[in-house]
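Colleague: Residue numbers (the numbering used here), protein chains in the order written: chain A, 1 to 495; chain B, 496 to 990; chain C, 991 to 1485; chain D, 1486 to 1980.
In short, the hints are calculated from the structure, not lab data.
A hint or two may mislead.
[Unchecked claim] Under the rule of at most 27 Å between Cα atoms (straight-line distance), these lysine-lysine pairs were calculated in the BS3-like manner:
{"#": "1", "chain 1": "D", "residue 1": "Lys1812", "chain 2": "B", "residue 2": "Lys822"}
{"#": "2", "chain 1": "A", "residue 1": "Lys320", "chain 2": "B", "residue 2": "Lys768"}
{"#": "3", "chain 1": "D", "residue 1": "Lys1698", "chain 2": "D", "residue 2": "Lys1664"}
{"#": "4", "chain 1": "B", "residue 1": "Lys674", "chain 2": "B", "residue 2": "Lys822"}
{"#": "5", "chain 1": "D", "residue 1": "Lys1650", "chain 2": "C", "residue 2": "Lys1155"}
{"#": "6", "chain 1": "A", "residue 1": "Lys36", "chain 2": "A", "residue 2": "Lys123"}
{"#": "7", "chain 1": "C", "residue 1": "Lys1401", "chain 2": "D", "residue 2": "Lys1650"}
[Said to hold, decoys possible] From the derived model, a few chain A residues whose C-beta atoms are all more than 10 Å from chain C:
{"#": "8", "residue": "Ser77"}
{"#": "9", "residue": "Lys122"}
{"#": "10", "residue": "Gly125"}
{"#": "11", "residue": "Lys141"}
{"#": "12", "residue": "Pro226"}
{"#": "13", "residue": "Pro235"}
{"#": "14", "residue": "Asp262"}
{"#": "15", "residue": "Pro322"}
{"#": "16", "residue": "His323"}
{"#": "17", "residue": "Glu326"}
All values derive from a computational prediction rather than experimental measurement.
Note that CB positions come from ideal geometry on N, CA and C, so glycine has one too.
Next come the chains, spelled out residue by residue.
There are 4 protein chains.
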Amino acid sequence: MAIRTPQQYIESLKDGRVVFCNGERVKDVTEHPILKICRDWVAMDYVLENDPRYRDLITEKNEEGDRVSFVLMPQRSREDLLRLREIVKLWARVCFGKPPGAKFVAKDGLNAVTVVSQRIDKKYGTKYAKNVETYRKYLQKNDLSFSMGLTDVKGDRSLRPSQQKRHQDYYIRIVEERKDGIIVRGAKTHISQAPLCNEILIAPCRAMREDDKAYAVSFAVPANSPGITMISAEPEVHEVNLFDHPIAGSVYINDATIIFEDVFVPKERIFLKGEWDFAGQVAYMFANFHRLSAETYKAMELELFTGAAVLMAEYNGVEKVPHVREKLTWLVMYTEAVEIIGRSACEHCISEPDSDLVYPNPLYANICKFHFADNWHQATKYIQDIAGGITVTCPTGKDFMNPEIRDLMDKYLGGREGVPTEHRLRMAKLIRDLTSSYEDVLTIHAEGSLEAQKLSIYALADFDRYKAAATRAARLENGKAHPLFKDLPAFPPNL
Amino acid sequence: MAIRTPQQYIESLKDGRVVFCNGERVKDVTEHPILKICRDWVAMDYVLENDPRYRDLITEKNEEGDRVSFVLMPQRSREDLLRLREIVKLWARVCFGKPPGAKFVAKDGLNAVTVVSQRIDKKYGTKYAKNVETYRKYLQKNDLSFSMGLTDVKGDRSLRPSQQKRHQDYYIRIVEERKDGIIVRGAKTHISQAPLCNEILIAPCRAMREDDKAYAVSFAVPANSPGITMISAEPEVHEVNLFDHPIAGSVYINDATIIFEDVFVPKERIFLKGEWDFAGQVAYMFANFHRLSAETYKAMELELFTGAAVLMAEYNGVEKVPHVREKLTWLVMYTEAVEIIGRSACEHCISEPDSDLVYPNPLYANICKFHFADNWHQATKYIQDIAGGITVTCPTGKDFMNPEIRDLMDKYLGGREGVPTEHRLRMAKLIRDLTSSYEDVLTIHAEGSLEAQKLSIYALADFDRYKAAATRAARLENGKAHPLFKDLPAFPPNL
Amino acid sequence: MAIRTPQQYIESLKDGRVVFCNGERVKDVTEHPILKICRDWVAMDYVLENDPRYRDLITEKNEEGDRVSFVLMPQRSREDLLRLREIVKLWARVCFGKPPGAKFVAKDGLNAVTVVSQRIDKKYGTKYAKNVETYRKYLQKNDLSFSMGLTDVKGDRSLRPSQQKRHQDYYIRIVEERKDGIIVRGAKTHISQAPLCNEILIAPCRAMREDDKAYAVSFAVPANSPGITMISAEPEVHEVNLFDHPIAGSVYINDATIIFEDVFVPKERIFLKGEWDFAGQVAYMFANFHRLSAETYKAMELELFTGAAVLMAEYNGVEKVPHVREKLTWLVMYTEAVEIIGRSACEHCISEPDSDLVYPNPLYANICKFHFADNWHQATKYIQDIAGGITVTCPTGKDFMNPEIRDLMDKYLGGREGVPTEHRLRMAKLIRDLTSSYEDVLTIHAEGSLEAQKLSIYALADFDRYKAAATRAARLENGKAHPLFKDLPAFPPNL
Amino acid sequence: MAIRTPQQYIESLKDGRVVFCNGERVKDVTEHPILKICRDWVAMDYVLENDPRYRDLITEKNEEGDRVSFVLMPQRSREDLLRLREIVKLWARVCFGKPPGAKFVAKDGLNAVTVVSQRIDKKYGTKYAKNVETYRKYLQKNDLSFSMGLTDVKGDRSLRPSQQKRHQDYYIRIVEERKDGIIVRGAKTHISQAPLCNEILIAPCRAMREDDKAYAVSFAVPANSPGITMISAEPEVHEVNLFDHPIAGSVYINDATIIFEDVFVPKERIFLKGEWDFAGQVAYMFANFHRLSAETYKAMELELFTGAAVLMAEYNGVEKVPHVREKLTWLVMYTEAVEIIGRSACEHCISEPDSDLVYPNPLYANICKFHFADNWHQATKYIQDIAGGITVTCPTGKDFMNPEIRDLMDKYLGGREGVPTEHRLRMAKLIRDLTSSYEDVLTIHAEGSLEAQKLSIYALADFDRYKAAATRAARLENGKAHPLFKDLPAFPPNL
């Protein structure tokens, strides 16, 4: 099969999965009025794979000669990473900044277990790499959509998994080992598009100690596995309405909570089991790949965001006002810096030792993600300032369509001459969607919190180089000099 | 009558007014499922007036000896302003940071026309002050709710009212003068709670030039006056749901658009008519009073906001994490600075010359409002960072009430031991409400945009004092010294 | 005597004290070319005391009927604090933002030991309060200048005093107890104007534990006590030059390092000796008073700073450029916010329980100091941006006075027509002085670092009030409600 | 000759040039105690050219087969730009972040006139390109140091050159045309190292209109040309002292003011003469190249800066304190972002049409420079916060060398065990130098002010792309779609 059609994808979801949404058990996730938004968004992955204009970019022949999704293949070069980046950009451009999630997140988890399983095998003589490879081929062959279950529900954040007091299931753990596999219990949360995916890939979300051994577990299972319950995140909209909610009405990421009540995992689907010293590496390597994905789509989202700001400035007749120009300029810098730094993370990628895999430069990827997330609220402030109160006080699209008041709204809610009132109203609605608390929180917490990025950056920084520079300038020769500095000529010179 | 009951207020709204909401004409604004949220919120004004615990604070005997709403009386002293501030604080505390709008905004408009009408009468020999006074007595006697119609729809913001190209009605204007009054046309927008008020007070929103004379108009009319159409802002919720939307489910400010299609205003209800040189003063003086009101309720909103941040930090078990403490400390500073500077604007109020009226120190009031609005997005970033992804990925209250999954949610979505899961979920929902794009835009644009505050501050600054200090330090004696500096002893001294 | 003349002050410094400056032992601190800058600055205290225009403000009759320096008397009311504030404002206005240090810093130390000694006596039955009172009278009677020795040299900041490894003298400690007093050893650093003061008041700079008992010591000694060595801070200038260094040429604060090599302190001069549980309170109470002093003079410094920015904008012809106006507006807000919040700390002062003393509201004082220090670098960026490169590339005053090039400089370095070139050059030099690294560091570290303020604010915050507001809004009744919230009417109401 | 020795460079400066410094005419710039600092710094260019380890990087064979300075050759490829960047990095690493100025600034001017002269010749049939080429060969052959005279003294910044009121010479202008050349008058300011260079290259600093024709002039002359007077900027130090001033004691950039009193320029040295429509292009293209140079050396300066912060944190024992780690992390991000974005400007360079020249991506170069300059003051705040008050209260190196107090200082001013006191003191002094007002102003104003970068970024932004993204998301089809968006598949799909 290899490349599925959107219809095949949709049919595959009718598999008895247990999903709740808005307080009710969902009979068929493909027909639920709100889940359908998520369904169509995820399906865009398949729409694009089947579009002849994009096939060469998105699909590739694998070693068996089958044409499969390129993102399901491991990245082995700078060029692979840059191509991956182009695919994410296309996905994001098509879907208003939000790449459809059929494989978008979980591919980074797959890459992470690919890298780390080799390391574990090397140290412990395990055979996880083979399991990963088999799973990868299975995904390729069936062109499956899969979700990445990383974040545990965590309970008390000040305690490690095994220290939790109320109960021991705040992080997914192995509750029983069998000959043919394991039984796991726990819950993952914020799992994007899980209710609309075929498979779920699970990995630990943090470093662990020996006590936490039972929590050091990574595996993959079908979404309809017995014992799995998925509860949808509160939807942003209660009906499809592309006038009032141009983004939220077409993109419902549905960061669900997935509960595992004693779910069986067959042994060939296990990628980590008890090697607690590698738990953190999986999380870290996922973050590493995923920050690249994040900053790629974010650059596309910012493109749209900055465009909305410029257009609304023009519609309001204020695009030449100095403070507006200043804000637009800032938005341009913000948009482009995310693109530049993200791209550099690919251009200056890192090779995994003893392996033919590469990954994005983690220092750059973290800086990029942080730059994006740290400045987001400033950006929302600017666009809201430019757009004006109409962003939130605008009547609804239904009002605008009501012939009783259509003419009045058309007359009075217009902006600059020559701009149709409808354009101004739709742009106001777009800006409201773009600056929702959902978008805010997504920005800060998706792909790791600001603090997570800071920790990584501190750990990755080349402090020795910095210190050597300072030591030399302060005329201190303490023998610790860095190669770049140790042989530099004396300054000032003796002339 | 003087003090009405909530029921009397509600009955008074059944007056044939023309209101639209969500695309439909509303038959009875008091029974509409969403407008009722606004109704109950506005009604709290009357609930509190009738509460014996607050009567002495909220009501006062007027000159005729009737007990009337204190906020409908003019402020004549520092103490009056501080009492007004206490009333606004009570209103805001009761209603989660949002003072019910029966008189909250329009009282500041009434105060503005009170001050400015005296100035106009003095210059032009008009009799507007008497009209204002009569209207004030009428409001007192009938304890009416009234809305403030300030912001015109504006069209092209780069053009003044009379320069607009598409049509001439982007700002409310006099289209006909009659013996007994005037006919006005135009539209006001972002008019808080207008569909649920008895009266509408209209004033210009900007300074004008002679060309704009027809737009220099201020008056008051009943909300059901023929020719008035009100279109509600898009509601934040589609049903009352205090679990998922604790704020938006109980406070619907409904910043409506009000369209005046040739509405008649009797001459005794006119407070400005063509004196274009005073148009800006009304707008300015309104802003002046209203910024005080704003910063008063904002301090209460921040109290709640900071409380939610602290509690969520505790529920998550992260309140001792250094970066969380740092953010909480920042939130405390932000909250208290708004309180301190706002209160100082009353404590150091200004007396209107040749009058017994006082108004809040405008420099301080503007600094306070700016400080609040300029830092808001930073605050939302901090609270979202502390609260975590659950803010937006949390399932709904209906899920939590569903016995099929209640126990699962209770088990897995809890935080620190001892904290009921429900507390954590409700707090997450509260934080989502507090950081919605509605709140963001309200913060920036209500009570005047950031730029409006900057303009005022620049205009009000005591640059001469600053310059004198700098001139003296630079040892320049250019004769412009300020009294505070001109006679200071020489430094360094000649010893 | 009570009020001394400047000459009497100067004569009193010829007392054999051990002072170093620029690598050399200073024979007579009153005649040293650079220390003289500090001398004249400190002497301004006496110049002003003797100026009939300011006497009523600065001096007051004490209980004995002698006219003494008001700042040497304890503050017993809001009015006392506001008067103290006015004195500091005068001092600061006269001396370009830097209050002459004869008593400026140490008065806050005196107030701190006044408050805390009463607490210690109450708990331990000691008699420190009497010692403080006797010392206070001695200072009053002789109108002495005194320095505040708070900050120890500290060594490794991660270790408490008794944990230090290299040696045990990084914090001043008692090395011997005698019948008639104690012997102390250690060093204090950043001690403003110490080499030019009569007395030195010593207090601990941090909270301590029982191990640190020997370090819990407060006392006062004359500056020429045997065993004291003072090493001046590197001066900012190498000669007096009021053209190129209008501030640094007239204000040399000289934050010296004072080393105590086994100095004897008579027992009646001891204010704390071993009561380690009160060490932190002295430091805290000093900070409390001194932050008020700090924000008072800072408001004056900012007045000057903002004035220099406005004038330079005018001299350069850019005062109407939008981004310049925006920056000036920000500077005005910054300047006035420091004034407003600082004043509020006095207006809303706190009464010490069981005492007739008051002190500035510590929450407000800390917020004010933090606001000042946190925004300073932004302010320097703005003024440097407005002023232009000439700030640092300007030739010297001697070049301008050189007839060979005077005309060329006059012709080419001028700004807007009508502004003498000399004004522009002097203003550029003033701005360089105002934005030196000395000023930067003073802003951040004097009166406690940013972190110190954050810790205080966190400790002082009324979190219970905040939490009550949030709990109520989230509809959680957990019995912890704050009095302000517990009896509020239900909202939404049941109508 | 081609490559000169440092001695040859120094000898070449004894040419009768007219230079003032500290109020006096300098007889021999190579022997003046302060100018010597500048001399040795500039000479490092020649030291490095003659160092066999760097020769292959720094020098290259030109078309004539002579080995010349690579930076005096035009850049024709991405690789050339990256090599240029490496050279600037070496220069900057050797000299503590400040590339010695023999050719550092003016090479960018040379590149600018190279590009623009071809454009002028194309439009007007002039022969400037040949003059530029001849001049370039002359510089190569003689390995000359040359300064870039860009910034005019400007007078009233609100007026264009020809509108100035006090006199007409605020911008350099042609006062007379002769057969063999022109006579120019005016003054340039902030001209780095001009008094220590052989040649001065002059270009306009802004766009001009037809009225300003006489000011549209670019040329090169020897520094000792009759009529040229150079007045040095006030030096940061008054004597060489590498302990107290490790940077300012070895790098004196000397941003001099150069006055042209009717200086003759031979016609073959003219690169622009009256073609006012190209004046802005020269300034712009210079900025373009120079911003790259700037961000390259800035990245090196930040390396040193961040190193000083880390070391001081360690010396003080606070490197594990959370707020310190947070600040260090921020400094790392800041340092690396400048490197990443600056490098990307080379990697994604632009080809000049109809030419074989390339230049750094101007959008990226401006973003990089802005990012650097906009965050600098934040960085200084952080390092000063980490380093503590000792940064400015530290006694002098002479005190430390004085045996009377050496032991006391050594004992008391130390930090963490194991760190020599001298290291801590020297690091404190380094930090003072790095955060001087000189460094601040250099950061903001060198290579163009923040506003200049904003203007460029706004002009260069791809707003059409942004708008297309927003228009599509708002479901508006207005025909303006960008190629990247116009053919994207429909979303949501119709499934």
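Colleague: Hint by hint, work out which the structure violates, then give me just those numbers in ascending order.
Modeller: 2, 4, 5, 6, 15, 16, 17
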